[in-house]
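Chains H and L supply the protein sequences, listed in that same order.
Sequential numbering from 1 applies to the first sequence in this note's numbering.
Sequential numbering from 1 applies to the second sequence in this note's numbering.
It should be emphasised that the hints constitute simulated quantities derived from the structure, not laboratory data.
In this text, all values refer to a predicted model and were calculated from it rather than measured experimentally.
Cβ coordinates follow ideal geometry from the N, Cα and C atoms, glycine included.
Treat the hints with caution; some may be incorrect.
[As the list claims (entries may be wrong)] Computed footprint of chain L on chain H, listed as stretches where at least three residues anywhere in the stretch have a Cβ under 8 angstroms from a Cβ of chain L:
no.: 1; stretch: 38-47
no.: 2; stretch: 102-111
[As the list claims (entries may be wrong)] Straight-line C-alpha distance at most 25 angstroms; calculated BS3-like pairs for lysine-lysine:
no.: 3; chain 1: L; residue 1: Lys-56; chain 2: L; residue 2: Lys-70
no.: 4; chain 1: L; residue 1: Lys-51; chain 2: L; residue 2: Lys-36
no.: 5; chain 1: L; residue 1: Lys-56; chain 2: L; residue 2: Lys-109
no.: 6; chain 1: H; residue 1: Lys-9; chain 2: L; residue 2: Lys-51
no.: 7; chain 1: H; residue 1: Lys-9; chain 2: L; residue 2: Lys-36
no.: 8; chain 1: L; residue 1: Lys-70; chain 2: L; residue 2: Lys-109
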Amino acid sequence: DGGITQSPKYLFRKEGQNVTLSCEQNLNHDAMYWYRQDPGQGLRLIYYSQIVNDFQKGDIAEGYSVSREKKESFPLTVTSAQKNPTAFYLCASRPREHGELFFGEGSRLTVL
Amino acid sequence: GQQVMQIPQYQHVQEGEDFTTYCNSSTTLSNIQWYKQRPGGHPVFLIQLVKSGEVKKQKRLTFQFGEAKKNSSLHITATQTTDVGTYFCAGRLSLMAGSYQLTFGKGTKLSVIP
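Looking at chain H on its own, in the form it has when it is part of the complex (with noise of 0.2 angstroms):
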């Protein structure tokens, strides 16, 4: 089935370790994204990538990074100096420039 994959599910980590969450399409989609979600915040936009080998910082991209070697593939690295990274983690593309987002079903990252 055509979809966004998102991995893992749930993640936990120690303060000071980076984590890299895994997002991949098959619906052969040019622009990935990815936000962030916390209770009471809506979806803020932390990188986007139109094309492969390219990608935008987003209005929260400090302490994150990221790649888009291929198409299928851009994944989110959660590194140290992201303060408060406990968070849901949802990864999206999309079809065509006016089009909607299709979501992967996230990945719900705790820092203990």
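Using the hints, position chain L against chain H.
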């Protein structure tokens, strides 16, 4: 800061009552989208509005886009327990060529009491 305001933040209704959530932007939107997120789930696209004054219906759901393209609303008639979830609006603020950023409202969490 947040440029798309959505109210109310929470709404509790008896099953069968109507429900409305409102979305307001400080700037003109080129389009607006609505998403639904069930508890424990991920956002799922409902609809997109593009034209000034546009009204679209999906069964018991009615979506409106304001004449000035700065506000939108989602109205649910005769709510059911299956309507439970958080409803988000998302507006496209950037008009730069080649860019496409959606700004999400904070969402309205709907609870339906059977």
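Legend entry - Indices of hints not satisfied (ascending): 6
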